[in-house]
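Protein chains: 4
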Amino acid sequence: MDYLEVPVRVRYADTDKMGIVYYGTYPQYFEIGRTELMRSKGLAYRAVEEMGYHLVVSGMEIKYHSSATYDDVLIVRVRVADIQSRGITFHYLILKDGQRVVEGKTKHICVNADWKAVRIPPAISELFIDAGHQ
Amino acid sequence: MDYLEVPVRVRYADTDKMGIVYYGTYPQYFEIGRTELMRSKGLAYRAVEEMGYHLVVSGMEIKYHSSATYDDVLIVRVRVADIQSRGITFHYLILKDGQRVVEGKTKHICVNADWKAVRIPPAISELFIDAGHQ
Amino acid sequence: MDYLEVPVRVRYADTDKMGIVYYGTYPQYFEIGRTELMRSKGLAYRAVEEMGYHLVVSGMEIKYHSSATYDDVLIVRVRVADIQSRGITFHYLILKDGQRVVEGKTKHICVNADWKAVRIPPAISELFIDAGHQ
Amino acid sequence: MDYLEVPVRVRYADTDKMGIVYYGTYPQYFEIGRTELMRSKGLAYRAVEEMGYHLVVSGMEIKYHSSATYDDVLIVRVRVADIQSRGITFHYLILKDGQRVVEGKTKHICVNADWKAVRIPPAISELFIDAGHQ
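Chains as they are written, first to last, in our numbering: chain A, 1 to 134; chain B, 135 to 268; chain C, 269 to 402; chain D, 403 to 536.
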C-alpha cells in the first residue's frame, strides 16, 4: 500500500451552524491530499498546469462516518486507487484520532490547454505506475 | 416525477483558477436545491432544525459532465429519490442552457438534539410520501 | 441617491459554528451586489472581463453591526461611492428586516490583460458618471 | 514587537477565475493567524469558546498590495495591535517571498454565552497584556 498521510487543521470557516465541518468542505481536504501526494512523487500539480494540462474531476463519491470540528487536526490518507491511459482515481480516508471521519474517491480525466481529453502524459502516469499502480 | 427547479447564479467566489466552478462548490448548490424543495413542500429546513432535528449527510455521489462559470444561471432540478423510516435520498440534476452540468445524490439520516440517529419524524417524511415517494 | 437593492439568501455553507454567517462570507455578498449593480447599468461584469479588463480589489472595510444566519434573506444595498480616472469605490449596506447587519466598502483599480493598472475605460466609467457620480 | 509567523499554503479552492486568491479568502488566513497566535500564548481559541465566550468580529480593514495563487506558501505575520477592557485588535501582514501581499486588521468584542458584550476575561486579556500590549 503506497499512500501519503497529510495533516490538515480545520479552519473556522470550514464549519457550519451545525458546529461541524460542512459536508462540502471535504472535497477541499481531498484536493490538499492529492496536491501533496503528487508533490511527494516529485511533480507538483502546479507544474502539471504549467505544462498545459489539467486533471479535471469527472466523479466523486463520499461516505461520511463521523464529524470533525474547528481546530481538529485531521489526517488525509491519500493514494492512487487506479490509473488508466485516460483516467486516474484517487482514494481518500480522513481520520481523526485514528477514527474514520470520511472516506471518498475522485475520478479525473486529463485535458490539454484546449480542454480536449487526452491520454495522461507519461510525466504524470509514471509517477504512479512506477509505484506499482497499474 | 415530482421535482423542483431552482435557479442559482454562480458567484465569482464559486469559481477557481481553472476559470470554472470549483468541484467542491456543487454540494452548496445541492444544499440550495433541497432547502427550496422542502420549503416548497411547506416545511422549511430551518424549521426542522428549530424542532431539534438535523438531516445529516451520510453519503454523496457526483458526476461532472460539463463545466459552468461565473455569472451563469444554473438550474438545480431536485427531487426525493428515496425515503425510508431512517433515511432520505435527494437526487440533483444541474443544468445550464438545458445541458447537464452535474448530476448527484445525497443520502441523509435524521439525528435528534442529542445527535442520536432517529426515525424521520412524520412532519418531514409525510412531505414526500404524500407526493408518491415511498 | 442611486443604489440598487439585491436580495441574497444565506446558504448553509455561508455559516460557521457560531451559528451565524462567517465574517469572511460578506465579501461574497458585496461581490453579488456589485455584479448586479453593473448588470442593472447595462454592462455585466463578465463582459468587462471579456473586454480584457479586471476591476481588482485594492482595499476593503467592513463594520459588523449584527448577525445573520442560514436561510435569512438579506438585502444588499449597493452604490458607487466614488469614481476617479483610475479607481472606483463601491459602498454596501446589508440589511435584515430593515436592520443594519453589515456596512462596507471596496476600492478597485482597473487592470488590463497584462495586469497593468490602466485608466478605467469609458465603457465602465460612463455607467456611473452619467448617474451623477463624479 | 511581539508577533507570530504562521505559514499557510493556498488551496485550489481559495483561488478564483482571475487565477489568484479570491479577495474574500484572506479573512480565513487572518483567522488562521489569530488561532495560532492564541495557541502560542497558551490558550487555544477553542478553549475560549468552551469557556462560553466568543471574540466576535466588529470590524475589518484590508489593503491588497499584490496577489497570490494556488500552492503558494504565504506567511501570516500576526500580532495584537491593541487591547482594551472590551475590545481587542489584531493586525496581520501576509507575505509571499518576503513581499507584502495583504495587510489588515480585525477588531473584536467579547460576548458571553447569552451573546451579551462583556469585559474580556482576564484569562484572555492577560495573554497579551503580559506581552506588553496595553
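Note that these hints are calculated values from the structure, not bench results.
The reader is advised that the hints may include incorrect statements.
With a cut-off of at most 25 Å between alpha-carbon atoms, the simulated DSS-like pairs for lysine-lysine come out as follows [said to hold, decoys possible]:
#: 1; chain 1: C; residue 1: 309; chain 2: D; residue 2: 518
#: 2; chain 1: A; residue 1: 105; chain 2: B; residue 2: 175
#: 3; chain 1: A; residue 1: 116; chain 2: B; residue 2: 241
#: 4; chain 1: C; residue 1: 309; chain 2: D; residue 2: 509
#: 5; chain 1: A; residue 1: 63; chain 2: B; residue 2: 241
#: 6; chain 1: B; residue 1: 250; chain 2: A; residue 2: 63
#: 7; chain 1: B; residue 1: 230; chain 2: A; residue 2: 96
#: 8; chain 1: B; residue 1: 197; chain 2: A; residue 2: 105
#: 9; chain 1: B; residue 1: 197; chain 2: A; residue 2: 116
#: 10; chain 1: A; residue 1: 107; chain 2: A; residue 2: 63
#: 11; chain 1: D; residue 1: 518; chain 2: C; residue 2: 364
#: 12; chain 1: C; residue 1: 373; chain 2: D; residue 2: 507
#: 13; chain 1: B; residue 1: 197; chain 2: B; residue 2: 250
#: 14; chain 1: C; residue 1: 384; chain 2: C; residue 2: 331
#: 15; chain 1: D; residue 1: 518; chain 2: C; residue 2: 384
#: 16; chain 1: D; residue 1: 465; chain 2: D; residue 2: 509
#: 17; chain 1: C; residue 1: 375; chain 2: C; residue 2: 309
#: 18; chain 1: D; residue 1: 443; chain 2: C; residue 2: 373
#: 19; chain 1: B; residue 1: 250; chain 2: A; residue 2: 107
#: 20; chain 1: C; residue 1: 364; chain 2: D; residue 2: 498
#: 21; chain 1: B; residue 1: 239; chain 2: A; residue 2: 63
#: 22; chain 1: C; residue 1: 309; chain 2: C; residue 2: 373
#: 23; chain 1: C; residue 1: 373; chain 2: D; residue 2: 465
#: 24; chain 1: A; residue 1: 116; chain 2: B; residue 2: 250
#: 25; chain 1: D; residue 1: 509; chain 2: C; residue 2: 384
#: 26; chain 1: C; residue 1: 364; chain 2: D; residue 2: 509
#: 27; chain 1: D; residue 1: 498; chain 2: C; residue 2: 309
#: 28; chain 1: B; residue 1: 239; chain 2: A; residue 2: 107
#: 29; chain 1: C; residue 1: 384; chain 2: D; residue 2: 465
#: 30; chain 1: D; residue 1: 507; chain 2: C; residue 2: 309
#: 31; chain 1: C; residue 1: 331; chain 2: D; residue 2: 507
#: 32; chain 1: B; residue 1: 197; chain 2: A; residue 2: 107
#: 33; chain 1: D; residue 1: 465; chain 2: D; residue 2: 518
#: 34; chain 1: A; residue 1: 41; chain 2: B; residue 2: 175
#: 35; chain 1: C; residue 1: 375; chain 2: D; residue 2: 518
#: 36; chain 1: B; residue 1: 175; chain 2: A; residue 2: 107
#: 37; chain 1: B; residue 1: 239; chain 2: A; residue 2: 41
None of the values given here were measured: they were computed from a predicted structure.
For each hint, the structure was consulted:
1. C:309 x D:518: 42 Å, violated
2. A:105 x B:175: 34 Å, violated
3. A:116 x B:241: 33 Å, violated
4. C:309 x D:509: 35 Å, violated
5. A:63 x B:241: It holds: about 9 Å lies between the C-alpha atoms, which stays within 25 Å.
6. B:250 x A:63: 18 Å, holds
7. B:230 x A:96: Cα-Cα ~38 Å, so violated.
8. B:197 x A:105: Answer holds: residue 197 of chain B to residue 105 of chain A is near 12 Å, not above 25 Å.
9. B:197 x A:116: 18 Å, holds
10. A:107 x A:63: Answer holds: residue 107 of chain A to residue 63 of chain A is near 15 Å, not above 25 Å.
11. D:518 x C:364: Status holds; Cα separation ~20 Å.
12. C:373 x D:507: The hint holds at about 15 Å.
13. B:197 x B:250: Given that 25 Å is the threshold and the Cα spacing comes to 31 Å, the pair is violated.
14. C:384 x C:331: Cα-Cα ~31 Å, so violated.
15. D:518 x C:384: 48 Å, violated
16. D:465 x D:509: 15 Å, holds
17. C:375 x C:309: Cα-Cα ~19 Å, so holds.
18. D:443 x C:373: 33 Å, violated
19. B:250 x A:107: 33 Å, violated
20. C:364 x D:498: Violated - the C-alpha atoms of residue 498 of chain D and residue 364 of chain C are around 38 Å apart, more than 25 Å.
21. B:239 x A:63: Distance ~12 Å between residue 239 of chain B and residue 63 of chain A Cα, so the pair holds.
22. C:309 x C:373: The hint holds at about 19 Å.
23. C:373 x D:465: At roughly 12 Å apart (the allowed maximum being 25 Å), residue 465 of chain D and residue 373 of chain C satisfy the hint.
24. A:116 x B:250: Violated, at roughly 48 Å.
25. D:509 x C:384: Distance of about 33 Å is beyond 25 Å: violated.
26. C:364 x D:509: Satisfied, since the Cα-Cα distance of roughly 22 Å is no more than 25 Å.
27. D:498 x C:309: Violated, at about 38 Å.
28. B:239 x A:107: OK: residue 239 of chain B and residue 107 of chain A at ~16 Å, within 25 Å.
29. C:384 x D:465: Roughly 18 Å between the alpha carbons, so the hint for residue 384 of chain C and residue 465 of chain D holds.
30. D:507 x C:309: 33 Å, violated
31. C:331 x D:507: 12 Å, holds
32. B:197 x A:107: Holds: residue 197 of chain B and residue 107 of chain A sit about 9 Å apart, inside 25 Å.
33. D:465 x D:518: This hinted pair is violated, its Cα atoms lying about 31 Å apart.
34. A:41 x B:175: Roughly 51 Å separates the two Cα atoms, so the pair is violated.
35. C:375 x D:518: Distance of about 33 Å is beyond 25 Å: violated.
36. B:175 x A:107: Violated, because 35 Å separates the two Cα atoms, which is more than 25 Å.
37. B:239 x A:41: 34 Å, violated
This entry does not satisfy hints 1, 2, 3, 4, 7, 13, 14, 15, 18, 19, 20, 24, 25, 27, 30, 33, 34, 35, 36 and 37, going by the numbered hints stated previously.
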